[in-house]
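Heads up, the sequence shown is in numbering that gives the first Met the number 0, so the first residue is 0 and it goes up one at a time.
Any given hint might turn out to be false.
[As the list claims (entries may be wrong)] When the alpha-carbon atoms are kept at most 25 Å apart in a straight line, the in silico SDA-like pairs for lysine to any residue are as follows:
#1 K40 to Q61
#2 K54 to D75
#3 K54 to S79
#4 K54 to R95
#5 K40 to P65
#6 K40 to F15
#7 K40 to R27
#8 K104 to Y37
#9 K52 to R35
#10 K104 to Q61
#11 K104 to G70
#12 K54 to Y3
#13 K54 to I105
#14 K52 to Y3
#15 K104 to D75
#16 K54 to G8
#17 K52 to V4
#18 K52 to A39
#19 K104 to Y56
#20 K52 to P64
#21 K52 to R2
#22 K54 to R86
#23 K54 to R92
#24 K40 to G70
#25 K40 to L89
#26 K40 to T88
#27 K52 to T88
#28 K54 to M102
#29 K54 to D100
No lab work stands behind these hints: they were computed from the structure. If you're wondering where the values come from, they're calculated on a predicted model, not measured in any experiment.
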Amino acid sequence: MPRYVPARGDFVWLDFHSQVGHEQKGRRPALVVSPRDYNAKASLALCCPITSKIKGYPFETQVDPPDSVRGVILCDQVRSLDWRARRATLIGRASRQCLDDVMAKIESLLHR
Numbered sequence: 000m001p002r003y004v005p006a007r008g009d010f011v012w013l014d015f016h017s018q019v020g021h022e023q024k025g026r027r028p029a030l031v032v033s034p035r036d037y038n039a040k041a042s043l044a045l046c047c048p049i050t051s052k053i054k055g056y057p058f059e060t061q062v063d064p065p066d067s068v069r070g071v072i073l074c075d076q077v078r079s080l081d082w083r084a085r086r087a088t089l090i091g092r093a094s095r096q097c098l099d100d101v102m103a104k105i106e107s108l109l110h111r
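My request is simple: use the sequences and hints to build the entire structure.
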C-alpha cells in the first residue's frame with residue numbers, strides 16, 4: 000500500500016505541539032499549501048492551521064467544503080512542518096475557490 004504524501008489543497012490532521020505565544024497548538028486540522036513533490040522530497044509541508052474559533056480577522060478563510068472540517072483557515076500562521084513526525088492523516092480536499100483564497104492571502108503577506 001503506498002504511503003500517503005500530503006498535497007496542496009489537502010485538509011490533514013497534524014500535531015501542532017511546541018507552540019509559542021499565539022500559535023495554534025495540539026492535534027488539529029490544517030490545510031496543506033505546498034506542492035506534493037516538495038512535500039515528498041523534503042518530508043516537510045507548508046500548512047495553515049484551522050480553528051473553530053472564528054474571530055472575523057482579514058486573514059481567516061472559511062473552510063469549504065465544510066463537510067470534512069469546520070472552522071476557518073488561519074492564512075497568516077503558515078508553518079513548515081515535518082508531516083511524517085507530526086503524523087499527517089488525510090481528512091479531505093479544499094474546494095478550488097477556498098484554496099485560491101488562501102493562496103491569495105498568503106501571497107499578499109509576502110508581497111506587501
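Each hint, compared with the structure:
With a C-alpha separation of about 30 Å, the suggested pair K40 and Q61 falls outside the 25 Å cut-off, and the hint is violated. Taking the CA atoms of K54 and D75, the gap is near 14 Å; set against the 25 Å cutoff, the hint holds. This hinted pair checks out: K54 and S79 have alpha carbons roughly 24 Å apart, not beyond 25 Å. Using a Cα cut-off of 25 Å, the hinted pair K54 and R95 holds, with the two alpha carbons roughly 23 Å apart.
Of the pairs offered as hints, the one joining K40 and P65 is violated, with about 30 Å between alpha carbons and a cut-off of 25 Å exceeded. With a CA separation close to 21 Å, the supplied pair K40 and F15 stays within the 25 Å bound. Proposed proximity of K40 and R27 is supported: the alpha carbons are some 24 Å apart, at most 25 Å. The hinted pair formed by K104 and Y37 meets the criterion: a straight-line CA distance of about 21 Å does not exceed 25 Å.
Using a Cα cut-off of 25 Å, the hinted pair K52 and R35 is violated, with the two alpha carbons roughly 29 Å apart. At roughly 13 Å between alpha-carbon atoms, K104 and Q61 fall within 25 Å of each other, so this suggested pair holds. Between K104 and G70, the direct Cα distance comes to roughly 17 Å. Compliance with the 25 Å bound is thereby established for this hinted pair. Of the pairs offered as hints, the one joining K54 and Y3 is violated, with about 33 Å between alpha carbons and a cut-off of 25 Å exceeded.
For the suggested pair K54 and I105, the alpha carbons sit about 18 Å apart, so the restraint of at most 25 Å is met. Between K52 and Y3 the CA atoms are separated by roughly 29 Å; this puts the pair beyond 25 Å, and the hint is violated. The suggested pairing of K104 with D75 holds, with an alpha-carbon distance near 8 Å, which does not exceed 25 Å. Between K54 and G8 the CA atoms are separated by roughly 23 Å; this keeps the pair inside 25 Å, and the hint holds.
A distance of roughly 28 Å separates the Cα atoms of K52 and V4; the hinted pair therefore is violated under the 25 Å criterion. At most 25 Å may separate the alpha-carbon atoms for a hinted pair to count; K52 and A39 exceed this at roughly 31 Å. The hinted pair formed by K104 and Y56 meets the criterion: a straight-line CA distance of about 12 Å does not exceed 25 Å. Pair hint K52 plus P64 holds up; C-alpha atoms about 17 Å apart against a cutoff of 25 Å.
As the CA atoms of K52 and R2 are separated by approximately 32 Å, the hinted pair breaks the 25 Å bound. Of the pairs offered as hints, the one joining K54 and R86 is violated, with about 28 Å between alpha carbons and a cut-off of 25 Å exceeded. Among the hinted pairs, K54 with R92 is consistent with the structure: their alpha-carbon atoms are about 23 Å apart, no more than 25 Å. Between the alpha carbons of K40 and G70 the distance comes to roughly 30 Å, so the proposed pair goes past 25 Å and is violated.
Under the criterion of a C-alpha separation no larger than 25 Å, the hint pairing K40 with L89 is consistent with the structure, at around 18 Å. Taken as a hint, the K40 and T88 pair is honoured in the structure, with Cα atoms around 18 Å apart against an allowance of 25 Å. Between the alpha carbons of K52 and T88 the distance comes to roughly 22 Å, so the proposed pair stays at or under 25 Å and holds. Taken as a hint, the K54 and M102 pair is honoured in the structure, with Cα atoms around 20 Å apart against an allowance of 25 Å.
For the proposed pair K54 and D100, the alpha carbon gap of about 17 Å is at most 25 Å, so the pair holds.
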